[in-house]
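Please construct the entire structure, taking both the sequences and the accompanying hints into account.
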Amino acid sequence: MTGFPFLSILTLLPLIGAVVVALIPRAKSELAKIVALGWSLLVLVLSVVMWIAFETQKGAPRFQFRESYAWIPSWDARFTFAADGIGLVMLMLIAILFPVVILASWHEVEESKRSAPTYFALLLAFEFTMIGVFAAADVFLFYVFFEIMLIPMYFIIGSFGGARRQYAAVKFFLYSLVGGLFMLAAVIGLWVVGGHTFDFAKLLGAAGGIDTNTARWIFLGFFIAFAIKAPFFPFHTWLPDAGGAAPAGAAALLVGVMDKVGTFGILRYCLPLFPEASRWFAPAALVLGVIGIIYAALLAVGQNDLKRLVSYTSIAHFGFIGIGIFAFTTQAGTGSVLYMVNHGLATGLLFIVVGMFVARRGSNLVSDFGGAGKLMPVLAGVLFFAGLASLALPGTAPFISEFLVLIGTRNSLMAYAVVATVGIILAAAYVLWMVQRTTQGTLNPALTEVPAMQKDITLREKIVVAPLILLLLLLGFYPKPVTDVINPAVQATLQDVGTTDPGPTAVATGKAR
Amino acid sequence: MGDLKLPAIDYGALSPMLILFGVACVGVLAEAFLPRKSRNTVQLGLAFLAVAAAFVAVIVEHSTRKITIGGAVAVDGPTLFLQGAILVLGAVSLMLIGERSIERGPFVSQAAITVGSQKDLRQAGDQPGATEVYPLTVFALGGMLLFVAANDLLTMFVALEVFSLPLYLLCALARRRRLLSQEAALKYFLLGSYASAFFLFGVALIYGFSGGIGLGDVHAAVANPQRSQVLLYAGLAMVAIGLLFKAALAPFHVWTPDVYQGAPTPITALMAACTKVAAFGALLRILYVAFDGVRWDFQPVLGVIASLTMLVGAILAVTQTDMKRLLAYSSIANAGYLLVGVLALNKEGLSGTMFYLVAYGFSVLAAFGIITLVRDAEGEATHLSKWAGLGRKSPLFAAVFTFILLAFAGIPLTSGFTSKFAVFGAAVEGGQTWLVIFGVITSMLIAFPYLRVVVMLWLSEPGESTPTVSIPGFLTSAALAIGVLATIALGVVPAPLIDLTRDAAEFVR
Numbered sequence: 446m447t448g449f450p451f452l453s454i455l456t457l458l459p460l461i462g463a464v465v466v467a468l469i470p471r472a473k474s475e476l477a478k479i480v481a482l483g484w485s486l487l488v489l490v491l492s493v494v495m496w497i498a499f500e501t502q503k504g505a506p507r508f509q510f511r512e513s514y515a516w517i518p519s520w521d522a523r524f525t526f527a528a529d530g531i532g533l534v535m536l537m538l539i540a541i542l543f544p545v546v547i548l549a550s551w552h553e554v555e556e557s558k559r560s561a562p563t564y565f566a567l568l569l570a571f572e573f574t575m576i577g578v579f580a581a582a583d584v585f586l587f588y589v590f591f592e593i594m595l596i597p598m599y600f601i602i603g604s605f606g607g608a609r610r611q612y613a614a615v616k617f618f619l620y621s622l623v624g625g626l627f628m629l630a631a632v633i634g635l636w637v638v639g640g641h642t643f644d645f646a647k648l649l650g651a652a653g654g655i656d657t658n659t660a661r662w663i664f665l666g667f668f669i670a671f672a673i674k675a676p677f678f679p680f681h682t683w684l685p686d687a688g689g690a691a692p693a694g695a696a697a698l699l700v701g702v703m704d705k706v707g708t709f710g711i712l713r714y715c716l717p718l719f720p721e722a723s724r725w726f727a728p729a730a731l732v733l734g735v736i737g738i739i740y741a742a743l744l745a746v747g748q749n750d751l752k753r754l755v756s757y758t759s760i761a762h763f764g765f766i767g768i769g770i771f772a773f774t775t776q777a778g779t780g781s782v783l784y785m786v787n788h789g790l791a792t793g794l795l796f797i798v799v800g801m802f803v804a805r806r807g808s809n810l811v812s813d814f815g816g817a818g819k820l821m822p823v824l825a826g827v828l829f830f831a832g833l834a835s836l837a838l839p840g841t842a843p844f845i846s847e848f849l850v851l852i853g854t855r856n857s858l859m860a861y862a863v864v865a866t867v868g869i870i871l872a873a874a875y876v877l878w879m880v881q882r883t884t885q886g887t888l889n890p891a892l893t894e895v896p897a898m899q900k901d902i903t904l905r906e907k908i909v910v911a912p913l914i915l916l917l918l919l920l921g922f923y924p925k926p927v928t929d930v931i932n933p934a935v936q937a938t939l940q941d942v943g944t945t946d947p948g949p950t951a952v953a954t955g956k957a958r
Numbered sequence: 156m157g158d159l160k161l162p163a164i165d166y167g168a169l170s171p172m173l174i175l176f177g178v179a180c181v182g183v184l185a186e187a188f189l190p191r192k193s194r195n196t197v198q199l200g201l202a203f204l205a206v207a208a209a210f211v212a213v214i215v216e217h218s219t220r221k222i223t224i225g226g227a228v229a230v231d232g233p234t235l236f237l238q239g240a241i242l243v244l245g246a247v248s249l250m251l252i253g254e255r256s257i258e259r260g261p262f263v264s265q266a267a268i269t270v271g272s273q274k275d276l277r278q279a280g281d282q283p284g285a286t287e288v289y290p291l292t293v294f295a296l297g298g299m300l301l302f303v304a305a306n307d308l309l310t311m312f313v314a315l316e317v318f319s320l321p322l323y324l325l326c327a328l329a330r331r332r333r334l335l336s337q338e339a340a341l342k343y344f345l346l347g348s349y350a351s352a353f354f355l356f357g358v359a360l361i362y363g364f365s366g367g368i369g370l371g372d373v374h375a376a377v378a379n380p381q382r383s384q385v386l387l388y389a390g391l392a393m394v395a396i397g398l399l400f401k402a403a404l405a406p407f408h409v410w411t412p413d414v415y416q417g418a419p420t421p422i423t424a425l426m427a428a429c430t431k432v433a434a435f436g437a438l439l440r441i442l443y444v445a446f447d448g449v450r451w452d453f454q455p456v457l458g459v460i461a462s463l464t465m466l467v468g469a470i471l472a473v474t475q476t477d478m479k480r481l482l483a484y485s486s487i488a489n490a491g492y493l494l495v496g497v498l499a500l501n502k503e504g505l506s507g508t509m510f511y512l513v514a515y516g517f518s519v520l521a522a523f524g525i526i527t528l529v530r531d532a533e534g535e536a537t538h539l540s541k542w543a544g545l546g547r548k549s550p551l552f553a554a555v556f557t558f559i560l561l562a563f564a565g566i567p568l569t570s571g572f573t574s575k576f577a578v579f580g581a582a583v584e585g586g587q588t589w590l591v592i593f594g595v596i597t598s599m600l601i602a603f604p605y606l607r608v609v610v611m612l613w614l615s616e617p618g619e620s621t622p623t624v625s626i627p628g629f630l631t632s633a634a635l636a637i638g639v640l641a642t643i644a645l646g647v648v649p650a651p652l653i654d655l656t657r658d659a660a661e662f663v664r
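Chains L and F are the protein sequences, given in the same order. Using the numbering used here, the letters of the first sequence correspond one by one to residues 446 to 958. Using the numbering used here, the letters of the second sequence correspond one by one to residues 156 to 664.
Where hints are given, some of them may not hold.
Stated by the list, open to error - With a straight-line Cα cutoff of 27 Å, these simulated BS3-like cross-link-like pairs (lysine-lysine) come out:
1. K647(L) with K502(F)
2. K221(F) with K548(F)
3. K558(L) with K342(F)
4. K819(L) with K925(L)
5. K548(F) with K616(L)
6. K502(F) with K548(F)
7. K616(L) with K503(L)
8. K907(L) with K473(L)
9. K342(F) with K274(F)
10. K558(L) with K616(L)
11. K900(L) with K503(L)
12. K558(L) with K900(L)
13. K558(L) with K503(L)
14. K541(F) with K616(L)
15. K907(L) with K819(L)
16. K548(F) with K473(L)
17. K541(F) with K558(L)
18. K274(F) with K192(F)
Quick caveat, the hints were computed from the structure, so don't treat them as lab data.
Okay, here's the thing in structure tokens:
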């Protein structure tokens with residue numbers, strides 16, 4: 446392991462980029478865009494180097510790249526960064542999605558008469574908070590990033606969003622803030638009972654000594670915050686509004702990256718720190734997950750607004766991830782983490798492609814399209830692919846993760862697995878119906894009058910979607926590089942929870958390979 | 156009859172207060188003898204000089220821990236820390252008070268002229284503001300220094316009056332909306348007098364209970380009661396009412412919005428920052444030093460008051476349409492959070508509350524500083540609807556105000572978060588988890604009005620009536636810069652101040 450301070454540099458890099466881009470005058474928008482793109486590519490390069498440097502052989506430490514600097518000594522809060530396999534894949538996902546989204550948002554701002562440098566500076570600031578939240582290994586630091594991530598996203602939605610942007614931005618902010626404040630109470634409680642420290646490793650050691658009842662309350666504080674962030678049913682109502690109002694690129698980041706903080710937080714903080722409480726709450730969490738899958742899928746089927754539809758599919762997928770986490774088996778856990786990555790790629794792609802449709806048509810509504818495939822065959826094909834990936838067709842990456850979650854839950858929790866399977870059928874329904882109504886069938890005559898609709902996918906758009914499509918296919922056939930990184934971290938997490946794994950691990954990981 | 160013996164007086168330890176009172180008297184003389192033209196400059200210079208000299212004296216005395224002048228004044232860690240805080244916040248308030256470049260200053264020239272008369276119209280136009288404000292402010296600051304140091308109840312009462320009376324006057328001196336200002340002053344004066352009367356009656360009852368007025372005597376009597384406990388509880392309740400009034404805690408908060416709205420904005424800032432420090436300083440000393448022995452009795456009662464305050468502040472803030480009233484309710488809610496810290500009744504509670512007072516003081520000064528700048532033809536445009544779209548017209552000021560609001564909402568990397576964390580952490584430590592949960596819930600409620608303002612600033616289109624942001628003079632710019640920088644610094648690197656409060660968190664008895 447190298448002593449190079451990867452994580453702190455990775456965290457600070459986009460912040461510096463945000464400041465640089467924000468200082469570029471409005472007249473030089475093109476320059477701002479190029480700098481932002483270059484900066485996000487720089488982050489990507491650094492992440493790739495980190496990925497290569499990460500050790501995955503047997504006996505490698507769970508947390509790597511650890512750095513720690515003093516911050517508030519009297520509270521024992523420190524700038525501690527470290528990444529385990531779960532954190533690393535999320536950092537990688539962030540590093541991949543941000544340049545893609547920045548390129549996809551190239552013309553996003555032009556219609557809104559707002560300042561382009563501000564928009565791209567906000568995107569980079571958002572990347573800073575995202576990297577920070579996944580790289581933090583100090584509960585206080587984590588909480589700080591967990592809260593400040595709201596601010597750039599709030600301004601992105603509120604200033605650059607669609608029709609109901611004010612309402613959506615405020616709802617988004619308040620929901621998240623409510624969750625954050627529950628977590629604040631829990632963090633304070635944890636600090637007091639956990640021996641006046643915020644260091645994750647020290648807290649892990651002290652976790653066993655926390656009284657059962659207290660642990661359950663603190664768990665609940667964390668869980669509500671994460672459940673709102675994810676979001677799990679019934680805390681989900683902000684997401685369709687936020688996803689519907691946000692610019693398409695930002696929406697891709699919202700569901701692709703930010704929502705993962707919720708599930709990541711559960712895996713990183715709730716399960717290891719409060720093992721007994723996790724087991725105690727697991728049935729409730731599983732029920733919420735299953736309800737989320739079915740309920741959100743049903744709502745998605747009935748949606749006429751493309752962006753809201755994608756948001757609802759995302760809620761359904763998070764139900765799967767939640768089930769996988771609370772099944773407490775290695776297959777399901779690995780499946781969940783893999784799902785977090787794949788969902789970021791698939792739903793991110795879907796949102797970006799939907800954004801391309803919406804930008805051309807000037808409308809979010811499914812009913813305003815119809816037969817668009819006749820005008821733009823390639824773009825329609827990309828939408829179809831993104832839809833298939835999102836419904837977890839075999840051969841695309843999400844299939845493997847969904848499959849792992851289901852077999853991981855099958856042994857111990859047959860009933861949940863069966864109900865969740867219904868969600869797969871519904872997923873096919875909402876995706877295929879949406880694709881059919883927008884791109885297939887008779888051509889909507891109104892479309893021929895929109896000049897932008899006559900133009901098929903541009904070179905820039907091809908560059909945007911190509912890496913995501915490639916990754917989805919690659920991980921669909923060969924997920925081993927990712928599962929190798931995830932597996933040890935998931936096993937360590939489950940060990941902390943102290944559940945005996947009912948399924949044979951070797952078989953599960955073998956299948957994943 | 157024995158010789159009357161003078162108690163030992165440690166002039167060094169008293170020097171911060173002596174300096175302020177002395178310079179305030181010089182200021183009164185200057186008011187009488189200097190020509191009108193040079194008064195403003197001289198008075199402003201004198202006031203700053205006094206505050207700076209007093210601050211130096213506090214620093215020189217930083218390791219003093221003693222009770223002096225016959226037990227009337229205790230100079231210890233909390234005293235010196237809070238005195239330093241009052242002086243620094245007072246200096247920043249003085250910058251706002253001394254601003255003369257906007258409309259010739261926020262104060263009226265002669266407050267006694269009938270509102271609306273010919274003479275009044277003439278003075279509204281072009282006459283410079285009253286310069287009595289400087290000695291009055293210095294008197295008020297001196298009283299506050301004594302208030303947090305008072306070690307017996309009578310000294311505390313005298314200090315209470317010394318800092319209250321100048322504030323009543325200052326409230327009435329607004330250049331614009333003079334009737335509102337006078338009404339505010341009268342309301343503050345009447346209610347304040349009632350509160351003082353309660354305080355004094357409480358002192359009498361406690362004297363009856365303990366046979367002494369020193370906080371040490373009271374402590375001894377509480378530990379080993381000789382007389383009826385009724386006297387103790389009634390006395391404590393009445394003394395507490397006097398202090399809760401000054402600290403603006405529900406149900407003794409009703410004056411706050413009216414006074415904050417009517418008073419000249421720099422004076423509102425002074426009250427929100429410095430009076431709060433003084434009131435909570437005295438409350439801390441009384442509860443921690445004198446009535447420590449009956450903590451189990453007052454803790455639940457004050458806990459209910461803290462909850463009520465947080466709730467009232469948060470809920471009523473939602474309904475406000477005036478910026479100054481909104482900040483007034485926000486300051487009420489913040490008083491509730493401060494009381495949560497006080498009720499921890501441990502060392503962390505003491506240091507956390509002190510940290511909170513300083514952090515909040517800087518933020519609130521910056522907030523009111525911005526309000527003095529947003530003006531239209533009728534002076535300060537405080538109605539919320541007028542702020543719509545300000546983010547487009549003057550992004551810098553809107554950004555600063557947004558940042559301060561985020562600090563009030565307790566977003567991390569601002570002092571609002573670290574200070575809330577400090578008091579809530581102490582309260583959980585002190586077994587007051589229910590108060591913390593209540594505090595967290597009300598924090599959610601009060602985030603909404605802050606957010607509404609942010610939405611107005613940035614997400615609304617500017618209208619015809621959107622006021623302009625005046626170019627601040629040097630003094631206001633400096634005050635704003637200090638307030639904002641302190642809010643950032645205490646959020647990002649709070650460790651030095653936290654350590655300072657921890658070292659100071661020990662009362663002498």
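Results for each hint:
1. Among the hinted pairs, K647(L) with K502(F) is consistent with the structure: their alpha-carbon atoms are about 24 Å apart, no more than 27 Å.
2. In summary, the hint linking K221(F) to K548(F) is not supported, as the alpha carbons are separated by about 54 Å, beyond the 27 Å threshold.
3. Distance check on the hinted pair: K558(L) and K342(F) sit about 49 Å apart at the alpha-carbon level, beyond 27 Å; violated.
4. At roughly 39 Å between alpha-carbon atoms, K819(L) and K925(L) are farther apart than 27 Å, so this suggested pair is violated.
5. Taking the CA atoms of K548(F) and K616(L), the gap is near 26 Å; set against the 27 Å cutoff, the hint holds.
6. Between the alpha carbons of K502(F) and K548(F) the distance comes to roughly 47 Å, so the proposed pair goes past 27 Å and is violated.
7. Note on K616(L) and K503(L): the hinted pairing is violated, with a Cα-Cα distance of about 46 Å set against a maximum of 27 Å.
8. Restraint check for K907(L) and K473(L): the C-alpha separation of about 25 Å stays at or below 27 Å, so the hint holds.
9. Proximity of K342(F) to K274(F) is assessed by CA-CA distance (about 26 Å); at most 27 Å being required, the pair is judged to hold.
10. Taken as a hint, the K558(L) and K616(L) pair is honoured in the structure, with Cα atoms around 24 Å apart against an allowance of 27 Å.
11. Between the alpha carbons of K900(L) and K503(L) the distance comes to roughly 52 Å, so the proposed pair goes past 27 Å and is violated.
12. Restraint check for K558(L) and K900(L): satisfied, since their Cα atoms lie roughly 23 Å apart, inside the 27 Å limit.
13. Under the criterion of a C-alpha separation no larger than 27 Å, the hint pairing K558(L) with K503(L) is inconsistent with the structure, at around 55 Å.
14. A distance of roughly 23 Å separates the Cα atoms of K541(F) and K616(L); the hinted pair therefore holds under the 27 Å criterion.
15. Our distance criterion of 27 Å between C-alpha atoms is met by K907(L) and K819(L), whose separation comes to about 19 Å.
16. Between K548(F) and K473(L) the alpha-carbon distance is near 21 Å, which keeps this suggested pair within the 27 Å criterion.
17. Taken as a hint, the K541(F) and K558(L) pair is honoured in the structure, with Cα atoms around 23 Å apart against an allowance of 27 Å.
18. For the proposed pair K274(F) and K192(F), the alpha carbon gap of about 20 Å is at most 27 Å, so the pair holds.
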